[in-house]
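Novice: Protein sequence lines, in the order shown, are assigned to chains B and C. Per this note's numbering, the very first residue in the first sequence carries number 1; after that it's consecutive. Per this note's numbering, the very first residue in the second sequence carries number 1; after that it's consecutive.
What the hints contain is simulated information worked out from the structure, not anything from laboratory work. Be aware that one or more of the hints could be misleading.
Computed footprint of chain B on chain C; a stretch qualifies when at least three of its residues, placed anywhere within it, have a C-beta under 8 angstroms from a C-beta of chain B [said to hold, decoys possible]: (1) 495 to 501; (2) 576 to 583.
Computed list of lysine-lysine pairs in DSSO-like fashion (alpha-carbon distance at most 27 angstroms, straight line) [claimed, not checked]: (3) C:K590 with B:K12; (4) C:K26 with C:K183; (5) C:K26 with B:K26; (6) B:K103 with B:K26; (7) C:K85 with C:K26; (8) B:K3 with C:K248; (9) B:K5 with C:K248.
Just the calculated beta-carbon pair ranges, DEER-fashion [as the list claims (entries may be wrong)]: (10) C:A341 with B:D119: 51 to 57 angstroms; (11) B:H29 with C:P97: 51 to 57 angstroms; (12) C:R102 with B:P123: 25 to 31 angstroms; (13) B:H29 with C:K590: 43 to 49 angstroms; (14) C:Y277 with B:C74: 54 to 60 angstroms; (15) C:D36 with B:D119: 30 to 36 angstroms; (16) C:K185 with B:N58: 35 to 41 angstroms; (17) B:G90 with C:G268: 51 to 57 angstroms; (18) C:L334 with B:N58: 53 to 59 angstroms; (19) C:K26 with B:P123: 43 to 49 angstroms; (20) B:K3 with C:A341: 58 to 64 angstroms.
Just so you know, these numbers come straight off a predicted model, no measurement behind them. Ideal Cβ positions, reconstructed from N, Cα and C, are used throughout, including at glycine.
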Amino acid sequence: MTKVKSLEDLKKIRDELQAKVSLREKAEHYEQLIQVKVSMATCGIASGAKETMEYMINELDNKAVDAVVSQTGCMGYCYAEPTIEITRQGEEPVVFGYVDIEKAQEIIDKYIISGEMVDGIIPVNYKTLKDD
Amino acid sequence: MAKDKIQVLVCSGTGCRASKSDEIVKNISQAVIENDIDKDVQVIRTGCFGFCEKGPIVKMVPDNTFYVQVSPDDAEELVAEHLVKGRKVERLLYENPETKERISDSKHMDFYKKQIRIALRNCGFINPENIEEYIAKDGYMALGKVLTELTPEKTIGLLIKSGLRGRGGGGFPTGLKWELTRKVKAEQKYVVCNADEGDPGAFMDRSILEGDPHSVLEAMAINGYCTGADRGLIYIRAEYPLAIERLKIAINQAREYGLLGENIMGTGFNFDIEIRYGAGAFVCGEETALIHSMEGLRGEPGVKPPFPSEKGYKEKPTNVNNVETYANIPPIILKGADWFASIGTEKSKGTKVFALAGKVNNVGLIEVPMGITLREVIFDIGGGIKDGKKFKAVQTGGPSGGCLTEKHLDIPIDYDNLIAAGSMMGSGGMIVMDESDCMVSMAKFYLDFTVEESCGKCAPCRIGNKRLYELLDKITEGKGTEEDLFKLRNLANVVKDTSLCGLGQTSPNPVLSTMDNFPEEYEAHVKDSKCHAGQCTALMQYIIKEDACTGCTLCVRVCPVDAISGERKMAHFINQDICIKCGACMEKCKFDAIYIA
């Protein structure tokens with residue numbers, strides 16, 4: 001633990017500690033952010049969903065994109081794991097399949113940042129109870 | 001540093017802890033390990049979220065899901081469903097009482113919609129036992145700014161401009177108070193934090209100290225810099241063990257980081273803080289009594305002037321401010337006086353924290369902008385009156401305040417409006433009463449409290465309040481006369497005018513305001529020996545309806561004082577001279593043959 005010796009010191013420490021609360025800060029505006037859900041059931045994890053999630057969190061952070069990444073359960077597309085669902089504010093959620101790190105990068109650069117569609121979309125083929 | 005993917009915030013305020021939130025933390029942590037996700041999930045204890053009615057609260061981050069009334073047994077399901085499978089646990093989400101819709105984001109709950117959190121900004125957000133989280137939320141930046149960029153005069157100017165007034169009840173402009181202490185020349189000065197929160201039903205200061213102790217420490221240091229004091233004292237009642245514990249942790253952490261102690265941030269400014277314990281006497285919230293108590297003397301108020309700003313603790317200039325006042329200061333310095341002054345009414349700026357209690361659906365801790373109406377607080381945030389009953393009155397300002405009624409519901413709440421309406425802001429207790437509450441009994445309850453809490457130094461308070469209590473007691477017994485009502489009002493005014501300190505000067509307020517707002521209730525007690533709310537037992541009569549009574553003798557057997565007589569299979573009769581009005585007979589009767597008159 002370091003002693004705070006000056007205001008500059010304090011600012012530096014604050015910036016380093018920001019990560020501790022940034023997740024909570026984001027949560028306050030959850031609905032205004034781009035939401036990324038990574039399917040993290042057994043099938044997803046076996047296909048590398050953990051790595052995909054880790055990558056997305058770091059990459060979105062590096063590019064300072066206002067997005068929040070959370071994990072979810074099996075979406076049912078076990079054949080296309082890892083799958084991720086992205087909701088851009090005010091738009092319908094879009095599901096992408098076979099998202100390895102390379103694909104993740106493409107999705108971030110194109111769809112998340114500029115809204116440009118990329119290949120690999122899985123059409124939503126189910127209804128939830130709420131839709132009825 | 002590895003980033004957490006999920007954070008679970010569990011309320012660890014006194015209320016939620018009493019409902020086993022410690023066990024919830026334990027069980028969630030356990031389940032997280034069992035599900036092998038402990039690398040990604042962090043469980044954090046926070047301060048009060050405010051929605052105490054629905055506690056314990058568990059909040060999931062980053063998807064901002066707000067779970068209510070969680071029990072330790074729910075931990076496993078929350079982890080397995082929400083954290084592992086990503087599915088919300090519907091049954092633990094808040095249900096909108098009107099639409100029956102489940103709401104997962106607290107922003108959409110009526111309880112939170114009208115709130116603005118300044119003093120409570122970090123409560124329920126950070127871990128109060130971890131200074132790093134406070135620093136991450138710009139903690140101690142205001143102190144840094146003041147020490148490096150602003151002179152004491154400029155800082156005080158900023159506070160004066162912001163319009164901040166004392167949140168302990170008096171409403172004295174904070175900047176002006178600091179200026180008074182600053183101007184006095186002395187070798188040693190002191191800064192004091194008044195954490196002697198004594199109103200029945202109030203828990204604003206406790207929640208701030210439990211949820212965000214560093215905000216108070218930081219503001220005290222700023223106060224020290226502005227007034228020229230290098231020592232701070234927090235006077236807190238020993239009845240607040242959790243707040244004391246967290247304050248101690250916070251003080252130690254701040255010292256470790258060099259944010260308290262000598263040469264803070266290399267500026268040559270020295271400041272350190274100690275805790276002083278009070279025994280929980282109401283009068284010690286009065287600043288001169290508080291200072292006497294800290295000096296080891298009896299907790300009795302002194303005559304002002306001299307004010308503490310000239311002669312306070314150990315005869316040295318002392319600046320006393322309340323917990324909530326302090327909690328407002330760092331944001332004012334960082335965001336500016338204009339920002340703060342843009343919130344609230346013309347003469348009362350910013351927000352006020354209230355402890356909403358009594359017969360209201362959503363009991364809890366709220367922070368609202370000044371100028372909001374009582375109606376919004378009670379009906380929108382508070383969710384209306386419990387059990388569909390009718391609103392009768394709201395008591396603000398605790399034992400020093402008064403009762404406000406239906407006709408006051410639409411006045412904007414601020415210091416001056418509440419006084420004009422016959423009550424006061426006080427420290428922020430707000431107790432809601434419904435049609436089944438008797439106003440005479442209510443006044444008696446508060447008088448009972450002040451009689452108990454009067455220090456006894458001056459005669460009007462020591463003797464006067466006792467006589468007021470006796471008169472009220474006589475009235476609730478049904479033995480009061482019209483002359484007593486006259487005496488009551490007269491004496492109340494005398495006590496008010498002649499008492500030495502704030503306690504006695506305000507203690508008749510509950511009597512006077514109920515007499516003004518509910519004269520018919522006093523008259524009913526006196527003229528007709530009736531308590532329409534049905535609360536004064538002495539004025540009630542249990543009566544058996546002859547035609548409904550089957551003579552089953554059940555009531556006879558249950559009556560503890562043998563007040564009921566009658567032959568088997570014949571209508572029974574209650575002897576009112578013997579009856580103690582316990583209600584046991586009415587409870588037992590299977591034929592609804594007993595009623596209260």
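Novice: Take the hints in turn and mark each one as holding or not.
Specialist: For each hint, the structure was consulted:
no., hint, in the structure
1, 495 to 501, "violated (count 0)"
2, 576 to 583, "violated (count 0)"
3, C:K590 with B:K12, "violated, 74 angstroms"
4, C:K26 with C:K183, "violated, 52 angstroms"
5, C:K26 with B:K26, "holds, 26 angstroms"
6, B:K103 with B:K26, "holds, 25 angstroms"
7, C:K85 with C:K26, "holds, 21 angstroms"
8, B:K3 with C:K248, "holds, 19 angstroms"
9, B:K5 with C:K248, "holds, 22 angstroms"
10, C:A341 with B:D119: 51 to 57 angstroms, "holds, 55 angstroms"
11, B:H29 with C:P97: 51 to 57 angstroms, "violated, 27 angstroms"
12, C:R102 with B:P123: 25 to 31 angstroms, "holds, 29 angstroms"
13, B:H29 with C:K590: 43 to 49 angstroms, "violated, 59 angstroms"
14, C:Y277 with B:C74: 54 to 60 angstroms, "holds, 56 angstroms"
15, C:D36 with B:D119: 30 to 36 angstroms, "holds, 34 angstroms"
16, C:K185 with B:N58: 35 to 41 angstroms, "violated, 58 angstroms"
17, B:G90 with C:G268: 51 to 57 angstroms, "holds, 54 angstroms"
18, C:L334 with B:N58: 53 to 59 angstroms, "violated, 30 angstroms"
19, C:K26 with B:P123: 43 to 49 angstroms, "holds, 44 angstroms"
20, B:K3 with C:A341: 58 to 64 angstroms, "violated, 36 angstroms"
Of the numbered hints listed earlier, those contradicted by the structure are 1, 2, 3, 4, 11, 13, 16, 18, 20.
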